[in-house]
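> Keeping the supplied structure of chain Y fixed, place chain L upon it in accordance with the hints.
Just so you know, the sequences run in chain order Y and L. Sequential numbering of the first sequence, starting at 1, is according to full-length UniProt numbering. Sequential numbering of the second sequence, starting at 1, is according to full-length UniProt numbering.
None of these hints come from the bench; they were simulated from the model. As the structure is a prediction and not an experimental result, all values here were calculated from the model. Please note that the accuracy of each hint is not assured.
As the list claims (entries may be wrong) - Okay, derived cross-link-like pairs now, DSBU-like style, lysine-lysine, Cα gap no bigger than 30 Å in a straight line:
#	chain 1	residue 1	chain 2	residue 2
1	L	100	Y	8
2	Y	15	L	100
3	L	369	L	380
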Amino acid sequence: MSRSEKSKVNLLRPKEGHMRDEVRIILAILFGWGVCTFGFQFLVYACRGTGAGSILTRLTLFNLPLHFWFTGQFLPLWFIILCVIFNIYVDRISEYHSRRRDKSYE
Amino acid sequence: MNDSSWSIFVVLAVLLSFILVGLRQKSRESQEYGFGGRYTGRIGGGAAIASNWMSAASLMGLAGIIYLRGYQGLAYVIGWTGGYVLLLVLLASQIRRFGKFTTPEFVGERYGSPAARLMAAVIAIAISVIYCVAQFKGIGLIFAFMFDIGYEQGVTYGALAVVSYLVVSGALGVPRNQQLQYLVICVAFIVPLMWLARKLGYFWLLPQFGYGRALTDLAREFRIDFTLPFAGDSLFEWCALCFTLMVGTGGLPHVLSRFYTVPNVRDARWSVVWGLFFIALIYWSAPAFAVFGRLIEARQGIAFTPDTARAAADVIALKTAMMAGLPGWLVGVLAAGALSAAFFTVAGLLMTGAASISHDLYYSFINPKASETSRMQVAKGGTLVLAALVLLVALNPPGLIAEITAVAFALAGNTIFPLFLLGIWWDRANRYGAIAGMVTGVLCTVATPLLGGVLPGVAFYFPVTASALCGAPLVICVMIAVSLATPAPPEEMRRFLEQEVHGHLD
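With the rest of the complex left out, here is chain Y (with noise of 0.2 Å):
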């Protein structure tokens, strides 16, 4: 197949190697991002006027309702929580493959 035909950068296509490890938790963690952010809405949304909607917006944590503690909250730390994931393993997987290439050099 010729260049122009296969791309080889590509997002959903990445190559071995260090960048398919690399968009594998890039994947990840943009799943963790979607889901609480916009799946926790849809929930609070879906849920209103039955049992489970009561629970959500009765339950109160740090005397704030559920749903607004964890939008308002919760949702700004668990950010900061996958970005920390995201370093670590990126870090790791940078370590893992810099290692592997300066031993290929041998």
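Okay, now just chain L, sitting in the frame of chain Y:
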């Protein structure tokens, strides 16, 4: 002294001390380079990211929009923090390895097209102008509060003050000490809040949690349910706004160019985490101002009507502090923090905007033989022209601070974010795709004001402040389709992307 003269005094002291500290730092740096120098580690880098981010929108607009709209306003809190996740995982290390400092430079290099570069420059300047309008509104409101004058006068004096600050610090060559800026802004926001919580009898050590009881009291005493989800707005509106602010964060030119001030990619990544933490500190606190404001108003019997609330929203933090009877100097501190955040944001944006006019428009297009001095003159003139333009719009502000800022985010999310995303992650994206994408993105952003009355559905799918939920994916699709229909980009660029940006460890 009364409250407003206190605040003039405090504001002057804070701004002057920034210049003095900057000058001291400069002379010390020239004596012993490295000591106390630019690079201050991951935490320092994080503080710089946060101080670069903090503006009137964070310190005034956020509390205002939550005060006005309750749960719906939290979309701003989430949008403006969650965007950093996108930025970190998708762009931060890659654009650093790509090695182009500004948005027009990146676009010009990646897509190899002067036309695309010109368009990106114009869009970046437009984003800065819209962003500055919101800052000017904040500055105008604070000036009007300090000197007890009308808003129009306040914003005019504020504009004069910003431009003179730029001229003075530029003439003296003051370096920006962003770590100090963050510290001042953060303390000036949180200490008055702690005082407020204590005065109202809530848990004051961590007012970020203490306001929970105020929320309960508000519901019990006055039947005001602040937390009702999706009361006035739909789920779609909430998600569209939140998504727009997130992709906008990933596309704001002055945020993207932050990653070059840290020496290596690893530290750049970790400083994003610290930056996000420092930003979240402010964002956890902003709802507390809104809740306390509503509670005090309700207790003093001030009616909450849509019109008065909208007028008061952007200065709700200051107003709450006044109504609660905080000491005058502390109100001054609160005003000084918000004002310096707005000042430094405007200063940074006007300067980069003017540099872009001089370099990307004047030097690259109009007069390629321009000398260094004439380019400098264009840059200086450009600063004034931009400031005047911003002032003209800000005299009659089209919305709340947070809303105006959101439009800038929508434009960034619709144009620059897709350009970077595909530019980094898909080597087949070419200049035709980039140009078509930018045109589509601009159209999506202005769709509602232009076509909202003509075409049904446009105002629903592309709300002015939240057009990127439908806009950004549409732009990405257009870019992919046009790129595939036209010739592939040069082999050199594809190899560079493959080997340098994504293959540095292979």
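> Are any of the numbered hints broken by this structure? If so, which, sorted upward?
none
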